[in-house]
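Trainee: Chain by chain, the residues run as shown.
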Amino acid sequence: MAAVANMPVSDLLKSFKLKTKQQELLIRVSILCLVYILAFITRLFSVLRYESMIHEFDPYFNYRTTLYLTQNGFYDFWNWFDYESWYPLGRIVGGTLYPGLMVTAALIYRILHFLRFAVHIREVCVLTAPFFASNTTLVAYFFGKEIWDTGAGLVAAILIAVCPGYISRSVAGSYDNEGVAIFALLFTFYLFVKAVNTGSLAWSLASAFGYFYMVSAWGGYVFIINLIPLYVLVLLITGRYSMRLYVAYNCMYVLGMLLAMQIRFVGFQHVQSGEHMAAMGVFFLMQVFYFLDWVKHMLSDTKLFQAFLRITVTCAVAVGTIALGLGMLSGYISPWTGRFYSLLDPTYAKDHIPIIASVSEHQPTAWSSFMFDFHILLFLFPAGLYFCFKRLSDATIFIVMYGLTSMYFAGVMVRLILVATPAVCLISAIAVSATVKNLTVLLRSKNKGVQTGSTKGSSSSKASSKALLDQSQPFQKNGAIALLFGAFYLLSKYATHCTWVTSEAYSSPSIVLAARGAHGSRVIFDDYREAYFWLRQNTPPDAKVMSWWDYGYQITAMGNRTVIVDNNTWNNTHIATVGRAMSSYEDEAIEIMRSLDVDYVLVVFGGVTGYSSDDINKFLWMVRIGGGVFPVIKEPDYLVNGEYRVDKGAAPKMLNCLMYKLCYYRFGEMLTEYGKPPGYDRARGVEIGNKDIKLEHLEEAFTTSNWIVRIYKVKPPNNRW
Amino acid sequence: MAISRYVLLVFTIAMLASTAISDPILTKVNRHVENPGPLIMSEVLLAFPELQSKNLAYLTASSHETKGKPKGSVVSLPIKAVNLDDRPSAATFYSVLLPKEVAAGESFTLDVLAVFTHALRPVPEQITQADIQLVLYRDSVYYLSPYEVKVQSLSVKLPDSKIESYTKLESTKVHGSEIKYGPYENLPPFSLSPITFHFESNLPFAVAQELVREIEISHWGNVQVTEHYKLIHGGAKSKGEFSRRDFQARPNDRGASAFSFLVAHLPARARSVYYRDLIGNISTSHLRVDSRKSELVIEPRYPMLGGWKTAFTIGYGLPLQDFLYESEENRFLNMTFGSPMIELVIDTLIVKVVLPEGSSGISAAAPFPIKQWQETKISHLDIGGRPVVVLEKTNVVPEHNQYFQVYYKFSGLSMLREPLMLISGFLFVFAACIGYMHADTSISKSSASYLAKQQWEEVQVLIQKVQNVINRCLAMHDNLEASLRDLSRTGDVQACKAARKSADGLLKELSKEMKPLLTSLQAYSSAAQILPKVEELVAKERELQEKVMLKHSTAVEGYERKSGARDIDHRVALLQQKITALKQEVDDLLQFIDDI
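Here the protein sequences line up with chains A and B, keeping their order.
At position 611 of the first sequence the residue is numbered 611 (UniProt numbering), and the sequence of numbers has no breaks.
At position 124 of the second sequence the residue is numbered 124 (UniProt numbering), and the sequence of numbers has no breaks.
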């Protein structure tokens, strides 16, 4: 009680006649409630700044499927064949997606309607990610409590509530798999650690269900199914094998695997894919271990046991290798996929799979983005590791392994910072909590001495307090206070940094662009929706739209029209065909477009507004992906001395390819900036090289008010007579 | 009906005007009726040819008495459609009931206003962005009438003076955008002579193919109006390419027939206005508010070229007291029927009035014939759903913007139902939580862990009691210390002794209380760990108690002997040190026990 005796809060609590325990509980629960609310509202910047809308690209597909699910029911959703994408192939939606997110949102929607809250499904979708972020803070608290203590749990909850690395994927409107998957990931890990700590069948069963939810929500479940076996292996090697571990892992693996097979997209991968073989190997290893343990128990003679051990281990390894080899050779076990390779080797994608490398979030992470997303956690992380190593237990070994592996993956791919965030927050929380606790213990013992001193008579108090100070180490108290202030300064800096990053960097929907006007007012470019709504209203319902795959999901969701390719990049050849059409001359391209029944072509062009992530800047990837399948397209044809240009010095093929023509059609007459020649491209800062563009087979159907989206109509073939 | 045959009508002036607005054609007929016949006339028949009658959206007639009265006091007359067997079937008849009977030889002036929609046909039907939109209008130069006509003239007002062609007759005069025909005299009944006009019109042909207005009444003080528009540009369809470059550079020349904004006149005090569509908010709108009206200027996402469609929703809240009138349980809503947008023709208008849940005795009244039925809608916190009155009318023009009424009964107490539901819901959740916390959910009541847990809880209760006693003892010590301080200030030995006495009594009682607690604590096996600490605590406390007593008696003695303050301090100092040390130990022990 002495530590909080001077605080008004505790006076208030005292007036309720609460005991220290109850006070602590009350404070803890209220802090958790506040963190829960904070995690939710800090993600609402985008709703307040813009509106309640879905962001980015993929979330539009998720929204569309959720809408379908709520309107047509679960079975129709499961059997849905989508004719509106990947024309003419179509897509079996039910079998090619992780349904966890949609089912969750639909369930929340149903519950709310059951409780008579007539909300729109869009609101539910927009707020799903913040809601699950709030739940993640609770899980972080319990996880922190499990691996360290309640203090670390609380700090972890606070850190993860505002950590930009996580906020980037969970702001309101970011209706993506990751929004619920991070919750599921952390929850599964927590339940597994709890199961290992208690050896309870109930907890491992719960972790199997957590794993099932994770599998249903996100492809990142592969991380779990590889990290947990690795962890078990490390425990086995370090001699920490126990009955608790045996129960926890076996129950979790067997049930989790069976449950995961219920997801159609995953199917039998757990027994057939190379990525899942580690878990199975460790499962059999556990059995061998247990068997040996039993034999050791039965055999009293150690020599005999040694011999037996040698034989069994050799046999087990041999059988395992032969089984794996046979599986691989017969094709029953599929080899590792390119995505998996690209995770282990950062340079793999660049050389082999341009479609993965073309996505900006698949690039290796720069240091600045680590700093941007983690801020002080980056420094606290090693400190936390130190504390973990100092107090090694099954739980701390787990968090250390989770932290180190996920940090490696975060370095390989920008988007995997997200997976590392919970681990970094937890480990940093241990550092913060342990440090602050040590410092306050130091301060508290002093304070007591001073307080008891002051209760004495006035004359003797000075002398005794002096005596007490003299007894202690010099400057220890001052040092502790200074360090505490330092810690609070750092933490408050972290809080301000997180708020700033959230509001400035992660809260724009990317479908609506905002810029500062000449007088400091906000100018909104709503061109994407202008174009999509035009498509929806003024084209025939069965029109096929060709665009680069980035805009596929948005066109189907907002424009309600059939697209050739979309963000589900499952068919590389189809995408390459579109890339080839875009990089060919018009009369070659028209053949491809006619063969694909294309009615409209949509391009994104930022030359008028200076919007830099447009199709001209993405064009080289279209060339590369197209060239990867069709060798007629050669990247050097579009470059001049290895340089990518659009001005007068550009390559002739570049100046006359379809993409160039569609973007710059009639742009040459336009004055974009005062004091610059007509046809000045503001995104690239050059005057364009081909100002006299004539289209033969296409005609301009619609261009948005800021020219960001341009739609062309494919003209019907000319009459022969 | 037979009387009409004997009536001779004189159309002094018949005026046809195609005025400024886009699609609807307004016809104003000013007729002077004379009754030459022997019979008294009480009604007048109006006839419209088939071509027009199917486009007729709105028709009123007003009497225009020639004598004396000021012009403002026009009385609109009741009109009904009639079916006449002996008339040409190609015409539709309406009969106007006159306010008073017109005797033979008397005369009477009647104003008839008819509004037609979709009467202008774009010719050519498809134009490019650079073309000018031309429309064709067909009518008869003679006013179709079942009566003989003495005098008639016709004047046509076109929106612009650019006229491509028009039917030229002998008596045709053109003044700018106005074309005059006539006067013609002594025409037989049902004379017809077609005329056509082909002229330029770049006025917005905004047609709402469907408009659903939902008016939701909340008795908490709000009328929420939500209007879902499905709009089309009804003029000549655009063909070929739409060039944004041309449209931006020369908007008057390229895409002149396109319209890019609409104006809605919302009622005064409209609040929280929004403008959105299926895929989100539309940021291009402006709201101008002054004390008498709110003007909302909305721009569709893209300019509306001929044949282009769009769909959007606007919504706004209105203060309830401006539109709802009530007496006890009977209430009625009085609102305008049509769209707040001016210059808009609506093909199908559906007005849904959502009444609060629990309304009864619902009826609706409108000044023109409409289709109506009832539905229910489930909204927030509804159990059975809210009753909805649906009114449907086709071919609606701005002239239909008249007040309609919905009458219903609603008791004020029903308003409290939804808040009470919420409150009881939360109450239920909290009660369930309390119930859960107190319920014993363990399956096996005899398992070792369950018993141990229960025992441990009992031990904790006991320890808490011990702590309580110790704390009271410590408080007593503080009292004694305080009495000593009082003594040193006031020198009142008696008061100090009294304090001592009462403290002695209380402390004794407390130690009595302590004994059974300790013995029962010893009985528990699970308390074995904590017991030594508790016992140590009790012992330390007793020691502390003794020391405090000693200090107290020493100090009091010193005062009684009138020793100097320094002397007493000196004697007490040693004791004081011990007391401080003991207090520290007791505090630590308490903390330790607390932490377990």
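To be clear, the hints were calculated from the coordinates, so they are not data collected in a lab.
Take the hints with a grain of salt, since some may be wrong.
For lysine-lysine, the following DSS-like pairs were computed, each having C-alpha atoms within a straight-line distance of at most 27 Å [as the list claims (entries may be wrong)]:
(1) K648/A x K618/A
(2) K80/B x K54/B
(3) K80/B x K100/B
(4) K515/B x K21/A
(5) K239/B x K691/A
(6) K390/A x K296/A
(7) K713/A x K237/B
(8) K237/B x K694/A
(9) K453/B x K21/A
(10) K437/A x K497/B
(11) K715/A x K237/B
(12) K239/B x K352/B
(13) K508/B x K453/B
(14) K497/B x K453/B
(15) K540/B x K21/A
(16) K533/B x K437/A
(17) K173/B x K230/B
(18) K465/B x K512/B
(19) K180/B x K162/B
(20) K145/A x K453/B
(21) K239/B x K694/A
(22) K694/A x K713/A
(23) K237/B x K21/A
(24) K715/A x K691/A
(25) K715/A x K293/B
(26) K713/A x K309/B
(27) K230/B x K293/B
(28) K309/B x K230/B
(29) K293/B x K352/B
(30) K453/B x K715/A
(31) K497/B x K508/B
(32) K157/B x K173/B
(33) K239/B x K713/A
(34) K583/B x K477/A
(35) K230/B x K713/A
For clarity, every value in this text was computed on a predicted model and none was experimentally measured.
Trainee: Now look at each hint and say whether the structure bears it out.
Mentor: Now the hints, each set against the structure:
1. Taking the CA atoms of K648/A and K618/A, the gap is near 20 Å; set against the 27 Å cutoff, the hint holds.
2. Restraint check for K80/B and K54/B: the C-alpha separation of about 16 Å stays at or below 27 Å, so the hint holds.
3. Between K80/B and K100/B, the direct Cα distance comes to roughly 17 Å. Compliance with the 27 Å bound is thereby established for this hinted pair.
4. Between K515/B and K21/A, the direct Cα distance comes to roughly 25 Å. Compliance with the 27 Å bound is thereby established for this hinted pair.
5. Restraint check for K239/B and K691/A: the C-alpha separation of about 25 Å stays at or below 27 Å, so the hint holds.
6. With a C-alpha separation of about 32 Å, the suggested pairing of K390/A with K296/A is violated against the 27 Å cut-off.
7. Under the criterion of a C-alpha separation no larger than 27 Å, the hint pairing K713/A with K237/B is consistent with the structure, at around 16 Å.
8. In summary, the hint linking K237/B to K694/A is supported, as the alpha carbons are separated by about 25 Å, within the 27 Å threshold.
9. For the suggested pair K453/B and K21/A, the alpha carbons sit about 18 Å apart, so the restraint of at most 27 Å is met.
10. Of the pairs offered as hints, the one joining K437/A and K497/B is violated, with about 46 Å between alpha carbons and a cut-off of 27 Å exceeded.
11. In summary, the hint linking K715/A to K237/B is supported, as the alpha carbons are separated by about 18 Å, within the 27 Å threshold.
12. Between K239/B and K352/B the CA atoms are separated by roughly 38 Å; this puts the pair beyond 27 Å, and the hint is violated.
13. Under the criterion of a C-alpha separation no larger than 27 Å, the hint pairing K508/B with K453/B is inconsistent with the structure, at around 34 Å.
14. For the hint pairing K497/B with K453/B, the CA-to-CA distance comes to about 48 Å; that exceeds 27 Å, so the pair is violated.
15. Between K540/B and K21/A the CA atoms are separated by roughly 24 Å; this keeps the pair inside 27 Å, and the hint holds.
16. At roughly 25 Å between alpha-carbon atoms, K533/B and K437/A fall within 27 Å of each other, so this suggested pair holds.
17. As the CA atoms of K173/B and K230/B are separated by approximately 41 Å, the hinted pair breaks the 27 Å bound.
18. Taken as a hint, the K465/B and K512/B pair is honoured in the structure, with Cα atoms around 13 Å apart against an allowance of 27 Å.
19. In summary, the hint linking K180/B to K162/B is supported, as the alpha carbons are separated by about 16 Å, within the 27 Å threshold.
20. For a cut-off of 27 Å, the pair hint linking K145/A to K453/B stands: about 22 Å separates their Cα positions.
21. Simply put, K239/B and K694/A have alpha-carbon atoms about 19 Å apart, close enough for the 27 Å limit, and the pair holds.
22. For the hint linking K694/A to K713/A, the alpha-carbon distance of about 14 Å falls within 27 Å, and the restraint holds.
23. Among the hinted pairs, K237/B with K21/A is inconsistent with the structure: their alpha-carbon atoms are about 78 Å apart, more than 27 Å.
24. For the given pair, K715/A sits about 22 Å from K691/A by alpha-carbon distance, which is consistent with the 27 Å threshold.
25. The straight-line distance between the Cα atoms of K715/A and K293/B is roughly 49 Å, outside the 27 Å bound, and the hint therefore fails.
26. Our distance criterion of 27 Å between C-alpha atoms is met by K713/A and K309/B, whose separation comes to about 17 Å.
27. A C-alpha spacing of about 25 Å is found between K230/B and K293/B, which places the hinted pair at or below 27 Å, so the restraint holds.
28. Between K309/B and K230/B the CA atoms are separated by roughly 7 Å; this keeps the pair inside 27 Å, and the hint holds.
29. Between the alpha carbons of K293/B and K352/B the distance comes to roughly 24 Å, so the proposed pair stays at or under 27 Å and holds.
30. With a C-alpha separation of about 82 Å, the suggested pairing of K453/B with K715/A is violated against the 27 Å cut-off.
31. Under the criterion of a C-alpha separation no larger than 27 Å, the hint pairing K497/B with K508/B is consistent with the structure, at around 17 Å.
32. Only pairs whose Cα atoms come within 27 Å are accepted, and K157/B paired with K173/B is accepted, the gap being roughly 12 Å.
33. Note on K239/B and K713/A: the hinted pairing holds, with a Cα-Cα distance of about 12 Å set against a maximum of 27 Å.
34. Using a Cα cut-off of 27 Å, the hinted pair K583/B and K477/A holds, with the two alpha carbons roughly 23 Å apart.
35. Under the criterion of a C-alpha separation no larger than 27 Å, the hint pairing K230/B with K713/A is consistent with the structure, at around 24 Å.
This entry does not satisfy hints 6, 10, 12, 13, 14, 17, 23, 25, 30, going by the numbered hints stated previously.
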